[in-house]
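Asker: The lines below spell out each chain.
2 protein chains.
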Amino acid sequence: MMSRITCPQLSEKITSAEAAAAEITLGDRVAMSGFTGSGYPKEVPGAVAVRAREAHAAGQDFAIELWTGASTAPELDGVLAEAGAVSKRLPFQSDPTMRRSINSGRTEYVDTHLSHSAQQAWFGFYGNLEVAVVEVAAILPGGLLVPGSSVGNSKTWLDLADRVILEVNSWHPRAYEGFHDVYYGTRRPPERLPIQLLEPMQRIGDPYLRVDPSKVVAVVETNSPDRNLPFKPVDEDSAAIAGHLVDFLRHEIGAGRLPAHLLPLQSGVGNVANAVMADLAASEFEGLTAYTEVIQDGMLDLLDSGKLTSVSATAFSLSAERAADFNERIESYKGRILLRTQEMSNHPEAIRRLGIIAINGMVEADIYGNVNSTHVMGSSIINGIGGSGDFARNAYLNFFVSNSLAKGGAISSIVPFASHIDHTEHDTQILVTEQGLADLRGLSPQARARRIIDSCAHPDYRDRLRDYLDRAVSANPDGQHTPHLLAEALSWHGRYQETGTMRA
Amino acid sequence: MMSRITCPQLSEKITSAEAAAAEITLGDRVAMSGFTGSGYPKEVPGAVAVRAREAHAAGQDFAIELWTGASTAPELDGVLAEAGAVSKRLPFQSDPTMRRSINSGRTEYVDTHLSHSAQQAWFGFYGNLEVAVVEVAAILPGGLLVPGSSVGNSKTWLDLADRVILEVNSWHPRAYEGFHDVYYGTRRPPERLPIQLLEPMQRIGDPYLRVDPSKVVAVVETNSPDRNLPFKPVDEDSAAIAGHLVDFLRHEIGAGRLPAHLLPLQSGVGNVANAVMADLAASEFEGLTAYTEVIQDGMLDLLDSGKLTSVSATAFSLSAERAADFNERIESYKGRILLRTQEMSNHPEAIRRLGIIAINGMVEADIYGNVNSTHVMGSSIINGIGGSGDFARNAYLNFFVSNSLAKGGAISSIVPFASHIDHTEHDTQILVTEQGLADLRGLSPQARARRIIDSCAHPDYRDRLRDYLDRAVSANPDGQHTPHLLAEALSWHGRYQETGTMRA
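Quick mapping for you: the protein sequence lines, in order, are chains A and B. Going by UniProt numbering, the first sequence opens with residue 1, and the numbers climb by one from there. Going by UniProt numbering, the second sequence opens with residue 1, and the numbers climb by one from there.
Source of the hints: derived by calculation from the structure; they are not laboratory data. Do not rely on the hints blindly, as some may be mistaken.
Unchecked claim - Using C-beta positions, here's what the derived DEER-type ranges look like: (1) A:Ser-170 <-> B:Ala-260: 28 to 38 Å; (2) A:Gly-254 <-> B:Gly-142: 47 to 57 Å; (3) A:Ala-406 <-> B:Arg-106: 31 to 41 Å.
As the list claims (entries may be wrong) - Covered by chain A, per the in silico footprint, the following chain B stretches (three or more residues, Cβ under 8 Å): (4) 105-113; (5) 129-135; (6) 213-220; (7) 256-265.
Unchecked claim - Quick partial rundown of chain B residues pointing at chain A, CB under 8 Å, derived from the structure: (8) Gly-84; (9) Ser-87; (10) Lys-88; (11) Phe-123; (12) Gly-124; (13) Pro-190; (14) Ile-253; (15) His-375; (16) Gly-378; (17) Tyr-396; (18) His-493.
All C-beta atoms in this analysis are idealised placements derived from N, C-alpha and C, irrespective of residue type, glycine included.
Looking at chain A on its own, in the form it has when it is part of the complex (with noise of 0.2 Å):
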């Protein structure tokens, strides 16, 4: 069995996750590599978490900056919000037990767009960065290390940090090496230069990560599978919206919109888009390619159908039974699928170029499209804005789709003003509900608020939306543009923390 490790001078570093971990100490700056639960640091967390515990036992503080690539796993977000040991967070997470650690107050939040956070970070708007903690599938002479699920910030980490741990995960199949395309050609302003990716599959890096061995400071061996968490078959109300969206890809085909071959896909986790490419993969559709941040289980199978010819992202999310299937048959997927850097995935310059079909999930949209992603009822945060700010702003097509009701019915996803704006009037252009699609490119507010509320509003809220909307054009003469009663406007978020209900 080939060793993952063939640099002498990193040979030299490998030791336990206990004592990589005595390498962070309070109040340092940490960042560690993981996107959407691939490719995240599984052991020196816990043994950071175990230093944290040990310290709050003995009445001293121990907390961290965490920075990572995206969201992680309970083997890293969840260890260290359960022992208390993170002060802040950025740039994204959706562990439940970080998520409750930021919403009582116990951890700060940065929620960034995830094309900001390297280049934030390189520029020094965060502050010095003291350690890193990156998950490979091996390492190299000379400091070359291969990636494995995912990419993300590793890059910018491995760049910046003070000191680096590195962990060597042989779940990993050592055949990744080759997925990844590692652009070493960032630079800051004034120096920056155009970057010369024309088509999503193009190489414009190195298929390597790499670090200075002199700052490596520990390397721990695991082997330890991803997150993985189960596939959810495809439910009804997904396939209506998928539905929808696929029918209205055909509609702008026939009006010469978009090429038959479409534009390169993008869409963001979960049921919905593993339904769109259910929905694709039994289509008319061919020839289809996708710049996207992560690939799912519907992707993957898209992938296997033949519809889809390539993918670009920078990272998996997978179910178990279909990441031990990649692992297995991972040299027939070679070629075709390509992990880049989160700043290359989500970059705008690519986005813009490439004219991307962007899919992402939302909370709530108000009348005029105003759409929260991130909150609810204003106040609590659910995982954050991600890469959706990055595509919407950026595509050539952007969608937002949710089912038109939560709560068994006690929530409409349309209301009349969102309690937190994510994406503005401004930025979305198509919205889908099970109940149907509202395309509201060149269309006014009041003409965008009709056409949302008649095609994806609930009909049990439709009366009600409508009458919030006439009565606020009778109110605001001078203010027809985007009538409001600012009085009301926030009244159904108030009557469901009342009440439980937003229902009258």
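With chain A held as given, fit chain B onto it using these hints.
Answerer: What follows is chain B alone, placed relative to chain A:
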């Protein structure tokens, strides 16, 4: 005197504004040149307005859709709105009569990112374009056009329109030739290429607009000045805002996060922008550059001072005196000023690469840093988002500036919840009022709120903002990320609507 029209084929099309206006019919989509009151057609719009009035007097419908670069002037937006001749308007306006027409519901308004307007029109998202009316300084053989004081969307309007009307305005110096860079490398996805722009003054296009002479149905000769609003002397509050902002730039240089010559400047239109330019002109800075939308008096002064070496923009917006002076001394500015299409001046790819320092005004910000740039009390539009989103999202640093008070203190520009959101918490970095500057980079929402209230809010409103935040924190034990009291969040605006003041 050199003739302004040396294209034989187009000389034959010279006619009156009235005859030209007859080419525009009910329901046409009509795209006109013009950006911040410069380079807009001066006579044809008025002749269209006369037609509209005559039709209306005869009991007939007459309205058009009106597209432009950005804001125009009374002779365009004003007369057409006054005549009730505009059914839909995009992508930006700032005319008092047009604003009333929108807010009274006579005109639908599609408030669009200025970098999106040309491409989305080309993609077909707004429908077929029947007529373009474009003002130029001269017509050369073969349909080459010398633009005047703005470029805006003229390139796209000339490309897309079925029929073209040209106004040749001899008020613009003939010496404008050589001041423009019209990028003809645009393509639609999936054929797009990198924009090979590496520094603000680089020429990547042609010095001329192009028109297919066979599409030109009329040429109208005019001699009429641009809007040229009076220059307002810098007031005390604007000077204070500029002072905080320029001091902060010094601080960032000291911290190693900005080079000594800064990075290219962008500044929105207005008094604060002029104040910042005045502060820089009196400062120790040297070798500055600008990559912006609009050149105001203050920026010309800065150029004259020698502190600013050059400026790329898409339009001028000068006082009458400064315009007259510029027109007289235009040759002395050649090589130091370049006017581009607005899709290039505002292009995310260029803005992110060059690393712009973006300075834009705001109407209000909420305590978490969500910014309203467009609406009064949620319902009425003021102007529009313009390029503020293009610049803020992609800038190296972005500033949003405002006085802390409006309406003699009856309105606080820092509020619990913004009544409209154009720039979200994910995008806004630095807020400045005459009270001080809040650097929000890398802060969680609660930390942002404390800093905004302490640094930017007027002392008259600070305690009540703190009280709102404190009570929101107490009321949301499980919503500590962005604590709000939804029943109260918009009550400050409601109080203003009911009592004429936000004061308690």
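Asker: Are the hints correct? Go through all of them and say.
Answerer: Hint-by-hint comparison with the structure:
| no. | hint | result |
| --- | --- | --- |
| 1 | A:Ser-170 <-> B:Ala-260: 28 to 38 Å | violated (50 Å) |
| 2 | A:Gly-254 <-> B:Gly-142: 47 to 57 Å | violated (37 Å) |
| 3 | A:Ala-406 <-> B:Arg-106: 31 to 41 Å | holds (38 Å) |
| 4 | 105-113 | holds (count 7) |
| 5 | 129-135 | violated (count 0) |
| 6 | 213-220 | violated (count 0) |
| 7 | 256-265 | holds (count 5) |
| 8 | Gly-84 | violated (14 Å) |
| 9 | Ser-87 | violated (10 Å) |
| 10 | Lys-88 | holds (7 Å) |
| 11 | Phe-123 | holds (6 Å) |
| 12 | Gly-124 | holds (5 Å) |
| 13 | Pro-190 | holds (6 Å) |
| 14 | Ile-253 | violated (12 Å) |
| 15 | His-375 | holds (6 Å) |
| 16 | Gly-378 | holds (4 Å) |
| 17 | Tyr-396 | holds (5 Å) |
| 18 | His-493 | holds (5 Å) |
Of the numbered hints stated above, those contradicted by the structure are hints 1, 2, 5, 6, 8, 9, 14, listed in ascending order.
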